[in-house]
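The end of the sequence shown is residue 289 by numbering that gives the first Met the number 0, with every number in the run present.
Treat the hints with care, as some may be off.
[Unchecked claim] Below, in silico cross-link-like pairs of lysine-lysine (DSBU-like), each with a Cα-Cα straight-line distance of 35 Å or less:
#1 K249 with K165
#2 K165 with K273
#3 K40 with K113
#4 K249 with K40
#5 K154 with K113
#6 K249 with K154
#7 K165 with K40
#8 K105 with K40
#9 K40 with K273
#10 K154 with K273
#11 K78 with K113
Because the hints were derived from the structure by calculation, they are not lab data.
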Amino acid sequence: MIRRSRTILALLAVSAAAVPAATAYAEGGDAEQSAFREAVKFGFTGEAIQGGVMIGDAPAGTRSLTFEGQPIPVDEDGKFIIAFNRDAGQAANLVATLDNGQTVRKFINIAPRKWQIEHVSINRRATTRSAAFMARRGPELEQIGAARAVHSGSKGWRQHFIWPAKGRISGQFGSQRIYNGDPGSYHSGIDIAAGEGTYYVAPADGVVTLAASSPFTLEGNLLMIDHGMGLNSAFLHSSEILVHEGQQVKRGEPIGRIGSTGSATGPHLHWSMKWNEARIDPILLTGPMD
């Protein structure tokens with residue numbers, strides 16, 4: 000439960016019996032009404048855009064928060080995080096329930112993006128997975144799912160993210176091929192091409208939730224970090240992982256070395272990010288590479 004100031008909470012405590020649940024206002028002079036309106040507003044930083052992330056400030060006196068009907072945790076000072084999947088629709092609904100039972104709603108318009116789409120006049124090749132592959136893949140996916148379910152309490156989500164490595168961007172988030180009208184899977188992260196063995200660092204504080212002891216079939220040596228509040232990073236194809244599960248890491252700390260393990264044609268770092276089930280674009284957290 001969030002507390003900010005007795006003055007603001009007093010304004011929020013106007014008679015609930017006389018006010019509809021979806022409405023909030025304050026009686027009194029202009030100054031009181033102005034303070035009340037500011038108290039029940041949401042505040043945001045970040046972009047409401049496909050693949051984007053926003054850090055928010057909940058209205059004063061918020062008891063609970065939902066985003067698209069799902070409960071969202073709120074930090075002690077009222078800050079929270081929301082994100083928009085690569086294929087998010089045009090709008091999303093955010094609802095805060097206040098201590099006095101009133102609700103504050105915010106409808107967020109989500110800007111579309113022009114993805115790098117390549118139309119090719121060939122049929123997509125059918126991929127037949129061997130029994131041996133499928134026997135390995137099931138347990139790997141279970142480990143990935145378990146790692147993403149960890150809620151470490153890290154505060155890394157509140158930080159400005161940095162690039163884990165510098166190099167040529169060889170793969171963009173969201174890019175996709177269309178095979179004779181049949182869409183293939185879109186690229187779920189950003190690829191940074193660099194020399195074999197190049198160190199990469201933690202883009203923000205977090206807790207290691209998966210450090211593969213042997214290469215996964217597709218991801219190779221896979222490292223995953225929880226940044227808190229449902230936000231996590233995955234680093235694929237490492238030649239070496241330098242940290243262990245449960246370890247707390249700091250932004251800028253070396254955590255692995257770039258490689259080409261798993262399904263990779265050359266050394267690069269594939270960095271993907273998710274907030275809960277939403278796949279997001281890392282470059283919208285870091286800004287362009289220097």
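ask   = Taking 35 Å as the top limit, are the C-alpha atoms of K249 and K154 close enough?
value = Holds - the C-alpha atoms of K154 and K249 are around 11 Å apart, at most 35 Å.
message = Tell me if the straight-line CA distance from K105 to K40 falls inside 35 Å.
response = holds (9 Å)
ask   = Between K154 and K113, does the CA-CA distance stay at or below 35 Å?
value = holds (32 Å)
task = Below or equal to 35 Å on CA atoms is what counts here, so check K165 against K273.
result = holds (21 Å)
Given hint K273 paired with K40 - CA-CA distance at most 35 Å = holds (27 Å)
ask   = When you check the alpha-carbon spacing of K249 and K40, does it fall within 35 Å?
value = holds (33 Å)
query = Can the restraint linking K249 and K165 be considered satisfied, given a maximum Cα separation of 35 Å?
reply = Distance of about 18 Å is within 35 Å: holds.
key: 35 Å limit on alpha-carbon distance, applied to hinted pair K40 and K113   = Since the Cα atoms of K40 and K113 sit roughly 31 Å apart, the hinted pair holds (cutoff 35 Å).
message = For a C-alpha distance cap of 35 Å, please report whether K165 and K40 respect it.
response = With Cα atoms ~39 Å apart, K165 and K40 exceed 35 Å; violated.
ask   = CA of K154 to CA of K273, is that 35 Å or under?
value = holds (16 Å)
inquiry  = Does K113 sit within 35 Å of K78, going by the straight-line distance between their CA atoms?
reply    = holds (30 Å)
The structure does not agree with numbered hint 7 stated previously, though it agrees with all others.
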